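Chemist: Sequence:
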Amino acid sequence: MDSVDVGKIETFVHQMLQAYNHTALLDSIASVISFNPEIHEQLELSQIGKRTGIPRRFFFTNDNVDNSMVAADFARAIVAGERNFFLHEIEKSSVVVNISGFTYESILNVMRTIDNPTDMFIPIEPFFNNFYTWNKPNHERIRFEYMKEPILLAGNQEIRVHWLTTDTGFTEIFITNRKGISLARKEFKDASTPKDFDIIPEMNYISPKEKLMVYFGKSKKTADDFDLVIRTIVSNPVVNPNAALKISVDS
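Per my numbering, the sequence shown starts with residue 1, numbered consecutively.
Hints may contain errors.
Said to hold, decoys possible - No farther apart than 25 Å at their CA atoms in a straight line, the calculated lysine-lysine pairs in the BS3-like style are these:
{"#": "1", "residue 1": "K8", "residue 2": "K220"}
{"#": "2", "residue 1": "K195", "residue 2": "K209"}
{"#": "3", "residue 1": "K195", "residue 2": "K218"}
{"#": "4", "residue 1": "K221", "residue 2": "K50"}
Hints were generated in silico from the structure; no laboratory data involved.
All values reported here derive from a predicted model rather than from experimental measurement.
Go ahead and model the full structure; you've got the sequences and the hints to work with.
Modeler: Take a look at the structure:
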């Protein structure tokens, strides 16, 4: 019977951590502080995570399976979940406006509602192609940076653009000020083991201060799989007045 190489599991966990830390958005779109139970005891917390079976054969000693893409996909799912959670929560506190068309001028006009805007979330459909017509000769309105999403230039303001794919379900545009939106986040040391989870303690490779929590457990369904939990735990965002704007565009 093939044996599990615990070194491969450790590498897999570190690949997930690296992918998450490289792509995570929360620290760049909000003011995030470490959870302190004495201060944040009354905050409402939410878990963004994934629980799934993962085949033991991925980690067999004599198997040459490359797990790096799987690790990156898991990390990407958490990053997307955090972004969607963030938008769903700030939507509840956003100022709501309606505009008749998606133009540079119309966006600048309503953007004045927000104090020092820093980020803009735009659904790819139907706005992607239109957005890239905004640059004019000798009048740069959009700045491009290698391997990064574009920056919208609005006077002395620079607003980072984040594209929302159709699977997110968002149809409105959001403009936010990251300094006016705050949340607390638990680290691995602050969290208890997931409920109804038969953890394998010797497969814990997460340092106490990691934001992404990864747990390997014994599967109750089949001996061929591990039970895998990946998650982050954050408080619901606190949104200051005039820190979030939701824009509906007439079709």
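Chemist: Please go over all the hints and tell whether each is borne out by the structure.
Modeler: Do the hints match the structure? See the list:
{"no.": "1", "hint": "K8 <-> K220", "verdict": "22 Å, holds"}
{"no.": "2", "hint": "K195 <-> K209", "verdict": "21 Å, holds"}
{"no.": "3", "hint": "K195 <-> K218", "verdict": "13 Å, holds"}
{"no.": "4", "hint": "K221 <-> K50", "verdict": "17 Å, holds"}
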